[in-house]
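Protein chains: 2
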Amino acid sequence: MATKWVYAFREGNGSMRDLLGGKGAGAAEMTRAGLPVPPGFTITTEACNAYYASGERFPDGMWDQAIAALRDVEAQTGKKLGDEGNPLLVSVRSGARTSMPGMMDTVLNLGLNPNTLRGLIARTGNPRFGYDAYRRFIQMFGKIVLDIDSDKFEHILDARKQKVGAKLDTDLSADDLQVVAEEFKELVRTETGKDFPTDPYEQLRLAIQAVFRSWNSARAITYRDFHKIPHNLGTAVNVQTMVFGNMGADSGTGVAFTRNPNTGENVLYGEYLPNAQGEDVVAGIRTPHQIAEMAREWPAVYQEFKRYADLLERHYRDMQDLEFTVENGKLYMLQTRSGKRSAVSAVKIAVDMVAEGLISKEEAVQRVEPGHIEQLLHRQIDPAAKVHVIAKGLNASPGAASGKVVFDADRAVKWSESGEKVILVRPETSPDDVHGMIVAQGILTARGGATSHAAVVARSIGKPCVAGTETVKIDLELRQFASDGVVIKEGDVISINGSTGEVIEGAVPMIEPELTGELQALLGYADSVRRLQVWANADYPRDAEIARRNGAQGIGLCRTEHMFFETERLPIMQEMILARDDATRQAALDRLLVFQKNDFVGIFRAMNGLPVVIRLLDPPLHEFLPDYEELLVQVTEAHARGEHGPEVEKKEALLKEVGAMREANPMLGLRGCRLGLMFPQVNAMQVRAILQAAIEVGREGVSVHPEIMIPLVGHVNELKTVREQLEKVADDVMKEAGTRVSYKFGTMIEVPRAALTADEIAKYAEFFSFGTNDLTQTTFGISRDDAEGKFLLQYVSQKILPSNPFQVLDQTGVGKLMRLAVEAGRATRSDIEVGICGEHGGEPSSVEFCHRLGLNYVSCSPFRVPVARLAAAQAVLSEPVKVGV
Amino acid sequence: MATKWVYAFREGNGSMRDLLGGKGAGAAEMTRAGLPVPPGFTITTEACNAYYASGERFPDGMWDQAIAALRDVEAQTGKKLGDEGNPLLVSVRSGARTSMPGMMDTVLNLGLNPNTLRGLIARTGNPRFGYDAYRRFIQMFGKIVLDIDSDKFEHILDARKQKVGAKLDTDLSADDLQVVAEEFKELVRTETGKDFPTDPYEQLRLAIQAVFRSWNSARAITYRDFHKIPHNLGTAVNVQTMVFGNMGADSGTGVAFTRNPNTGENVLYGEYLPNAQGEDVVAGIRTPHQIAEMAREWPAVYQEFKRYADLLERHYRDMQDLEFTVENGKLYMLQTRSGKRSAVSAVKIAVDMVAEGLISKEEAVQRVEPGHIEQLLHRQIDPAAKVHVIAKGLNASPGAASGKVVFDADRAVKWSESGEKVILVRPETSPDDVHGMIVAQGILTARGGATSHAAVVARSIGKPCVAGTETVKIDLELRQFASDGVVIKEGDVISINGSTGEVIEGAVPMIEPELTGELQALLGYADSVRRLQVWANADYPRDAEIARRNGAQGIGLCRTEHMFFETERLPIMQEMILARDDATRQAALDRLLVFQKNDFVGIFRAMNGLPVVIRLLDPPLHEFLPDYEELLVQVTEAHARGEHGPEVEKKEALLKEVGAMREANPMLGLRGCRLGLMFPQVNAMQVRAILQAAIEVGREGVSVHPEIMIPLVGHVNELKTVREQLEKVADDVMKEAGTRVSYKFGTMIEVPRAALTADEIAKYAEFFSFGTNDLTQTTFGISRDDAEGKFLLQYVSQKILPSNPFQVLDQTGVGKLMRLAVEAGRATRSDIEVGICGEHGGEPSSVEFCHRLGLNYVSCSPFRVPVARLAAAQAVLSEPVKVGV
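In order, the protein sequences belong to chains B and L.
If you're matching positions, the first sequence starts at 28 in the working numbering and goes up one per residue.
If you're matching positions, the second sequence starts at 28 in the working numbering and goes up one per residue.
In short, the hints are calculated from the structure, not lab data.
Bear in mind the structure is a predicted one, so any value in this text is a computation, not a measurement.
Errors might be hidden in some of the hints.
Each pair may be met inside one copy or between any two copies, as identical chains are not told apart.
[Claimed, not checked] Taking lysine to aspartate or glutamate pairs in the DMTMM-like style, the calculated list, with each CA pair at most 25 angstroms apart, reads: (1) Lys500 to Glu679; (2) Lys221 to Asp110; (3) Lys817 to Glu679; (4) Lys677 to Glu497; (5) Lys683 to Asp654; (6) Lys790 to Asp758.
The whole structure should be built from the sequences, with the hints applied where relevant.
Structure representation (structure tokens):
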């Protein structure tokens with residue numbers, strides 16, 4: 028039997044996507060469901076492949092089958108291709124399995140020639156409509172099928188408009204358009220050396236060939252290469268009867284959603300324009316009518332449309348985005364597809380549809396994007412608001428805020444105590460500014476990247492932050508900043524958008540975040556699906572509480588160093604670092620111990636029953652000391668001015684101390700466990716604080732599960748040595764208290780060597796936690812602080828990197844190390860607990876990767892926990908179905 | 028049949044090392060060869076294992092076999108254990124398969140008690156000798172077998188010396204020693220609660236047990252753990268007749284080498300002392316006689332000894348280190364083992380023995396340590412010289428030098444032009460100092476590690492350098508430095524030892540390096556054996572010439588940035604970097620192009636016929652600019668002093684520029700291919716220079732093989748993008764010249780991600796070169812500059828790391844990445860050329876690893892090429908023998 032190359036719409040169905048392409052299968056499915064789809068047919072993707080296989084010729088029988096299908100369309104419509112009396116006009120569209128840029132889009136009005144044009148004008152009584160349709164056809168066909176530069180057509184059109192003083196295309200009369208059409212045909216003759224084809228069958232043949240050829244256009248090939256789409260799928264061709272919404276008052280065209288795509292409310296939402304074509308709606312000259320008005324205007328059509336909308340939504344089990352046309356009172360359905368929707372709407376629709384029994388909870392989980400959850404959790408600037416952006420920096424911590432500008436932390440505290448909302452604006456922040464950051468609505472800095480102090484602290488306390496805004500020129504003496512020609516004085520109001528990096532003059536309307544009942548329901552579905560646990564990074568009891576409220580199942584990273592940066596503690600920390608003898612150092616440590624213990628008590632209480640991973644001191648000690656260059660300037664100034672005395676001497680001494688601790692590459696310097704090995708007293712104090720706190724809250728009846736994490740291990744002996752030292756300390760504390768408490772020792776995997784030798788390291792680690800921030804830095808050999816401003820963002824925009832590896836985990840490189848480490852770690856210790864505590868722990872594609880790696884948990888910012896919960900559930904649902912189970 | 032636990036010396040042989048231990052097998056082999064070895068026997072290692080297996084009891088039959096063997100010894104010697112008339116005295120020694128610290132060494136004179144002592148005195152007529160032997164026996168036995176603190180014995184001995192006014196042990200009389208022996212026995216009684224054992228059989232039994240027990244001493248176990256020696260090998264016990272060289276004028280004792288261990292000359296070399304015991308030789312009270320004198324003094328003994336020496340050397344096919352004793356005119360051979368030797372001697376002996384037909388060329392290659400070659404290639408301080416070390420820094424570049432101290436490069440040039448030898452002493456060096464470094468004999472810096480500018484440049488130009496000598500306090504204004512209380516003024520002479528890091532006051536005698544005929548012969552043998560090629564890192568034509576002279580087969584790394592640091596070029600480079608528009612930048616680049624081309628012309632000529640890998644600009648651009656902090660101080664001073672004017676403004680502008688280019692972690696910043704992607708003009712200039720140079724020398728008839736290396740690639744798209752840009756440039760140059768030249772593109776593998784994704788990267792690379800300096804930094808997450816001073820050396824001394832991974836390649840971690848990269852790279856491109864150009868390329872164990880990985884070449888400093896040639900050959904010879912081939 029001969030191959031079937033052509034399917035009438037009513038012969039196909041929605042499952043035939045591979046053969047008929049997306050558009051063809053959709054049209055077939057609607058036709059099959061009894062909806063009024065303008066008749067048409069689809070030439071299969073196999074025909075496209077056969078076309079190429081036979082040296083760019085239609086396969087045997089295809090053309091005959093197409094003509095037969097056309098006859099069938101003619102029979103259904105009563106029109107005939109090329110018939111002057113009642114001409115059939117068709118559209119020709121490409122349609123591959125997935126929509127693909129670079130392929131031919133659409134030729135409309137195919138079938139027009141001087142004869143059929145006459146017939147069209149006669150039947151519609153509208154010469155302008157007729158000539159406009161004709162010149163559009165020549166233009167589209169000329170460009171797409173005959174490959175003529177479209178500028179040349181536009182040039183003719185513009186010349187005509189200029190000649191007759193028309194501003195818009197619509198200002199041109201029927202006569203003007205007739206002239207244009209003639210000039211278009213003359214252009215085609217000049218460019219191709221042939222007359223524009225008048226035979227509608229010739230037009231159809233050429234259009235089908237053009238669709239086939241567009242499959243192998245350079246743009247399409249590049250697109251497939253990039254997206255790894257096979258080149259042998261081919262494209263289908265759809266030929267469909269034209270219908271016109273501009274045939275008079277009983278005609279029209281519109282788009283509608285089966286539910287409100289902004290709010291999710293379950294009502295028809297959309298608009299239509301009587302006596303208009305799709306292009307007129309886009310042009311925006313007339314105001315469209317709300318879809319609800321149709322019930323009054325065209326009650327029968329409305330009822331019919333509503334019925335189809337319900338049917339399609341139930342059929343596709345998702346909110347649909349519909350296109351329709353009414354021609355002389357008859358409704359035609361042109362397209363249906365899943366509708367795009369807002370974050371609020373996505374969640375509401377998904378949860379509503381579960382309640383309506385339309386979809387399962389698992390499907391609901393798949394219907395919401397993690398980015399939607401992210402949006403819902405932060406205050407957003409109302410997208411409808413008109414704003415004056417005066418600068419753009421790095422989107423360092425999401426959310427938005429308005430407030431009065433203050434230039435120092437103390438004033439931020441003072442003003443906010445008197446009820447003002449403030450935005451703290453600093454050249455860059457340091458530990459001295461943290462008290463101001465905590466009370467501010469948001470933070471704006473002129474310098475620093477996504478790992479700058481401002482960014483890290485802002486994310487950890489959930490404040491919006493725009494960092495590294497280099498166009499913002501701050502003058503601390505005048506207490507003002509200038510940007511983009513605008514001067515903002517202290518006390519003036521600005522807004523910042525930490526999700527986009529924008530700085531805006533004045534206050535702007537905001538949309539408040541809400542953990543709605545629907546969102547909670549959806550996250551509940553996600554929890555019932557996911558296997559990967561979601562923990563949170565939290566340094567303070569208040570963070571731990573937020574984390575728990577957002578559903579965190581543990582603390583995956585408690586950074587102890589942030590505790591030392593607090594105002595009252597930093598001087599003690601500095602005393603400890605600068606101590607010249609052990610007694611002084613120990614005295615300072617003893618004072619720090621009290622603070623540390625109380626921090627841990629608070630966190631343990633908040634996380635009653637859940638694990639808490641505490642990382643021992645990690646950053647280089649000089650981070651706790653004054654800045655070297657500032658000291659250098661002060662000492663140099665004092666010398667140049669001939670100043671003397673104890674104050675200068677103290678500065679000189681400090682300069683020397685800080686100078687001796689400076690590092691060429693602090694990221695790769697004396698930090699992490701290296702510190703612990705050189706100065707074991709600090710670690711010992713911390714472990715003492717952890718165990719004492721655990722024992723104390725344990726006696727209160729709190730169930731406490733401390734896990735002590737040793738950072739920056741690269742060689743097993745580092746871990747072994749530190750662990751052995753600290754086990755002794757822990758034993759001492761427990762002996763002193765006369766009780767025991769169960770705890771774990773583990774390590775960060777954050778340098779490549781740790782991943783490569785994870786089998787050895789696992790001997791001394793009950794858990795691994797991937798520190799993917801540092802692991803990404805060392806695996807790429809890229810300092811995030813330096814790179815984001817200097818080349819990394821350009822790398823992404825130039826497509827050298829697919830995405831910023833500090834935001835989206837690099838699965839190929841860093842991920843390979845993680846896989847090696849998981850496999851080697853589990854080979855040594857099968858029950859080793861493995862998690863991730865880098866920022867990637869809250870990024871959906873990275874969460875999915877962690878799920879596939881079989882990690883026990885991801886740990887992320889408390890504010891991203893809901894995002895990770897959803898992403899972890901989606902990871903389960905996107906697993907390939909196991910066959911034969 | 029019962030197990031044989033005991034072997035008489037004459038029953039064993041040299042191949043029974045596993046069973047009899049090294050000492051036992053050696054004594055057996057000498058006995059078997061007919062040499063006069065004092066009779067004795069060996070208790071096997073299996074007996075030791077059986078001892079432990081049966082709960083620390085001698086295995087059945089062992090003691091009886093030992094007694095039987097003893098009887099045999101008695102029969103041979105005519106002496107009897109415990110016999111007052113003619114007492115047999117024996118030594119008892121442990122002897123495992125390999126010599127091992129922590130195990131029992133030796134108990135001498137076993138068999139003495141009051142009775143046998145009387146007999147010994149009677150037979151020797153020497154009461155002092157008798158009592159001395161007796162007290163020594165009690166002391167050794169007490170310490171080693173009875174586990175009594177040896178200080179307690181020394182205390183008694185010292186008290187006696189003080190009492191009688193004796194300075195040395197030898198000042199004590201027979202009576203004194205008799206008293207001491209009695210007090211020793213009293214001590215044993217107090218410490219052990221028992222009398223010192225008088226029964227020689229009891230003594231023997233206890234001594235054998237002590238040897239067995241020493242196998243499991245804490246020190247021995249730790250040693251085996253560290254060296255990965257199995258714990259189940261066990262130790263043998265050797266029991267041997269004592270002979271005495273202090274029996275009169277016809278007795279004596281000595282040591283000798285079969286060849287001169289300092290020069291390698293083929294003559295007996297050593298010394299002996301008549302009427303003396305081994306200890307007397309060590310004590311150095313009497314001057315020993317040269318071995319040649321024996322020919323006159325004891326002609327018969329000399330002839331006999333010479334015969335044995337020849338026999339043993341031929342037997343063992345290596346220079347032997349012999350111990351012998353003459354007792355009453357009878358020669359006894361006590362020990363033979365391969366002799367330690369100097370570098371010169373090792374090479375000469377190996378090559379001579381090949382000429383003598385004694386060993387094969389392959390064996391000769393195995394007889395010389397790569398470290399020996401290293402020594403021979405650098406000037407060394409005469410080890411015999413007495414020196415005053417005033418400071419110790421980092422051994423940053425090997426070799427030694429003496430010269431007058433100068434504190435700046437210009438003066439170094441001036442003085443050396445007038446014929447002075449100078450040592451350049453600087454706080455640290457910068458590109459401004461290079462012209463002074465080139466003319467200096469050596470470089471001493473107060474700051475900076477093994478990758479500091481001083482160290483890197485010194486190694487690359489083959490000058491000795493001591494860096495980071497923190498105790499050296501330089502006062503540039505007074506033009507002097509102080510260290511260890513000594514003040515050295517400019518013009519004073521110092522010496523530095525770049526191999527040890529020592530700084531020495533004054534001039535010292537030196538040993539000049541020599542590429543002797545023997546060394547060349549040996550390296551020739553190595554070349555005929557090795558498969559791994561040896562290339563060199565060379566930045567200048569003069570380096571390339573040295574490299575070639577030392578046998579390099581290519582240039583594996585030509586660092587183009589060093590070229591830009593030269594005095595006349597640096598200002599142009601700075602102009603290029605600071606250019607505000609493309610035209611200015613291009614003008615500077617055009618001027619640099621001329622220099623670059625000439626550099627390459629010189630190198631290509633020098634390497635006629637061999638490949639030259641040229642790395643495109645790698646370091647961050649700010650390295651070429653003035654130091655930020657120096658500028659900051661200058662500008663701050665100017666401001667504080669109220670200075671104004673164009674000079675200050677220029678500085679301010681420069682400060683701003685340099686400030687904007689500063690990086691938090693320059694090691695991980697904007698450098699390597701990242702620079703090339705952000706500023707493609709520099710790379711384009713370099714490729715233009717390379718191709719123009721290649722075409723020019725090609726027309727001279729030089730065979731030129733340029734390989735263009737793109738540094739710091741982490742993602743395939745970096746390489747792809749840069750390569751595509753540069754291929755266009757290369758094509759342009761070749762079109763302009765109307766000729767073609769063959770060249771390669773490749774990349775460094777120096778960040779972990781490159782290794783992990785080598786399969787992708789190999790698509791665009793014809794060669795890989797492992798940059799193991801940076802790869803080690805990123806794999807460990809350790810900045811070498813920061814770490815070596817702050818924790819890395821402590822890590823090594825505390826055994827956290829087995830060695831400094833920047834000197835000895837970390838095979839477990841970094842090596843694993845290299846293996847992954849080689850495998851993945853070759854899977855994509857089977858003929859990809861893979862080499863290493865990090866400093867490890869000249870380190871023997873790393874060279875061996877590279878051989879095992881199957882690299883094509885190692886590339887190292889021109890001065891280490893001979894070392895690598897030898898190491899590469901040894902790598903072949905240490906391959907496991909393939910069975911069944």
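Results for each hint:
Proximity of Lys500 to Glu679 under the C-alpha cut-off of 25 angstroms is restricted to the inter-copy arrangement: shortest distance 17 angstroms between copies versus 31 angstroms within a copy. In this assembly of identical chains, the alpha carbons of Lys221 and Asp110 lie at most 25 angstroms apart only when taken from the same copy (24 angstroms versus 132 angstroms across copies). For the homomeric pair Lys817 and Glu679, the shortest alpha-carbon distance between copies (22 angstroms) is at most 25 angstroms, but the shortest distance inside one copy (34 angstroms) is not. Proximity of Lys677 and Glu497 under a CA criterion of 25 angstroms is satisfied inter-copy only: 23 angstroms between copies versus 34 angstroms inside one chain copy.
With identical chains, the CA atoms of Lys683 and Asp654 are at most 25 angstroms apart both within one copy (12 angstroms) and between copies (18 angstroms). For the identical chains of this complex, Lys790 and Asp758 are intra-copy neighbours only, at 20 angstroms inside a copy versus 56 angstroms across copies, given an alpha-carbon limit of 25 angstroms.
Consistency with the previously given hints is maintained throughout, with no hint failing.
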